[in-house]
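Novice: For reference, the chains in residue letters:
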Amino acid sequence: SQQGEEDPQALSIQEGENATMNCSYKTSINNLQWYRQNSGRGLVHLILIRSNEREKHSGRLRVTLDTSKKSSSLLITASRAADTASYFCATPNQAGTALIFGKGTTLSVSS
Amino acid sequence: EPEVTQTPSHQVTQMGQEVILRCVPISNHLYFYWYRQILGQKVEFLVSFYNNEISEKSEIFDDQFSVERPDGSNFTLKIRSTKLEDSAMYFCASSEAFATGNTEAFFGQGTRLTVV
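In order, the protein sequence lines correspond to chains A and B.
Under the working numbering, the first sequence is numbered contiguously, ending at residue 111.
Under the working numbering, the second sequence is numbered contiguously, ending at residue 116.
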């Protein structure tokens, strides 16, 4: 299965702290994507990292990709209560015709 | 900003009834998808669609499911005879290229289907 698996399943932090979520996947990919989902809402794309990239930044987000370990991490710096959501990594399926999502990490940021 | 639109936002149906979930993808996108998410669980891939045909479907997408692009703007998911276990949030998504094309997918806000 191409499915990514996030770790931890749930994370609770205080505002201002950093949040790190990890994703592992099983086979070769050409990109890995992170999405956010607020409770009961649709998924919103956060960042895409290509297989030839090791690190990418977008605002308070930092994503790393280690293709040798088949893993990625999402770091949210200086978290805010509004960052409370579920975060999913997604990778292309074998045929490249769809994104397959992991189980997600539920992040709770308290003020 | 362009967005994917799904209707209805919530549908309640009797077991055994047919339902059609509707989606309007982003206008210049050519690749369309349906996903579902049972409450509190992961987002599961159902089907991808390109050039008026199914590109890939998962094990979940059995004979009870079908998709159609009836005109130039709509993309529908039909469930012929709903079961209780079909209760879930259904998400439509679209993209400019397939996943290996290094493009993001844009998701609608979902249709919550409740089968009673």
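The hints are simulated quantities; they were obtained by calculation from the structure and are not laboratory data.
Please read all numbers here as calculations on a predicted model, not as lab measurements.
Worth double-checking, as some hints may not be accurate.
[To be verified] Interface residues of chain A toward chain B, partial, derived using beta-carbon atoms under 10 Å:
1. A19
2. R41
3. V44
All residues carry an ideal CB built from backbone N, CA and C; glycine is no exception.
Novice: It remains to establish, for every hint, whether it holds in the given structure.
Specialist: Tested hints:
no.: 1; hint: A19; verdict: 20 Å, violated
no.: 2; hint: R41; verdict: 6 Å, holds
no.: 3; hint: V44; verdict: 7 Å, holds
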